[in-house]
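Novice: All chains should be built: construct the whole structure from the sequences, respecting the hints.
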Amino acid sequence: YLHTGMEKQGEALTYMQGGTNVTRMDYLSPLNNELVFSMATEKLLGIDGDIPERAVWMRMLLSELNRMSSHLLFMATNGMDLGAVSMMIYGWREREEVLRFFQKVTGLRMNHNFIRPGGVAADLPAGWRDDVLHLLEMIPPRLEEYDILMTGQPIWRDRLQGVGVITPEEALALGATGPILRSTGVPWDLRRDMPYLRYPEVEFDVVVGSYGDAFDRYAIRLNEIRESIRIVHQILDRMPQGDFRIQNKKVTPPPRARIDESMEALIHHFKIFTEGFKVPEGEVYVAIESPRGEIGCYIASDGSATPYRMHVRAPSFVNIQCLPHMMRGGLVADAVAVISSVDPVLGEVDR
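Residues in the sequence shown are numbered consecutively from 720, following my numbering.
These are computed hints drawn from the structure, not numbers from a lab. Treat the numbers as computed from the prediction; the structure is a model and nothing was measured. Nothing false has been slipped in among the hints.
Here are the simulated DSS-like cross-link-like pairs (lysine-lysine), alpha carbons at most 30 Å apart as the crow flies:
1) K823 <-> K990
2) K969 <-> K823
3) K997 <-> K727
4) K990 <-> K762
5) K968 <-> K762
6) K990 <-> K968
7) K997 <-> K968
Listed next, with one range per pair, are the computed distances between beta-carbon atoms:
8) L852 <-> R977: 31 to 39 Å
9) D877 <-> G1022: 57 to 65 Å
10) D924 <-> K990: 45 to 53 Å
11) D866 <-> G802: 17 to 25 Å
12) S1023 <-> D877: 55 to 63 Å
13) R828 <-> D866: 25 to 33 Å
All residues carry an ideal CB built from backbone N, CA and C; glycine is no exception.
Specialist: What follows is the structure, encoded as structure tokens:
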């Protein structure tokens, strides 16, 4: 049982505290949860166009690495679900390297609360570029191993091809997004079709399938890791210098070094994290492309320091509605393969 009432809890937490709440929904993609909540808050505040360039590119870097870590775990669990036990070891092995980088940057392996309204919590640490380059050099050869172990393996293909088929019309009618929708041949990706951050400035391909089956969904995620690697290479080339958060005292706490020197800074820090900051009345919906599809955050503000209503459009909740259509007329033995191919995270389904 994973029901936590996070949407209702969000009404009792300030906008500054909200990141600790939303990061736990899709716990395999916490940075994307934080990003969409922060972007919605910034839009209500009217500061969405003022976020420093370095913070924007840092958000892109972390979002794409998070996409890679999520898909790597899918490779592990999908393989395990279908009897390819060794894949459980390999997928976790590669994901662990990405989580180590997250720990170095944010202080935590998961549930980071690092992307916050106004920017990010801290700058990238010394040596971060070498750490990212290590990931970009280490992962591609491992993906080639996955191709040998699974993609070209006749038993693996027989187990997935033609299983859990869904048509483009069904997927669109059900509101499916992400790899589920793209497996049917519909090239819909919010990074390209409703762009945010600096995605229009980088080159990448939207990976699509042809048959809408479990094999297409597996292959899309595998190749999306390759596309994320391609994006991260471009981010490394374009990462600017500068501030990592907006210099607006209303939403930004003082530097930690100032807290030891100034009573005013200490009071400012205390008030930001306890009372928060008030957001103008209004409502907003912001959506981004998470590893599982469109994750959206709707916030209605009554002018106070806490949301009047917060609702999250969780892609896992929508995508699992496709399961009856995928399983109809199939074998009971294929149920595990179909559920695994959807890659749901129940933490964001029952929230």
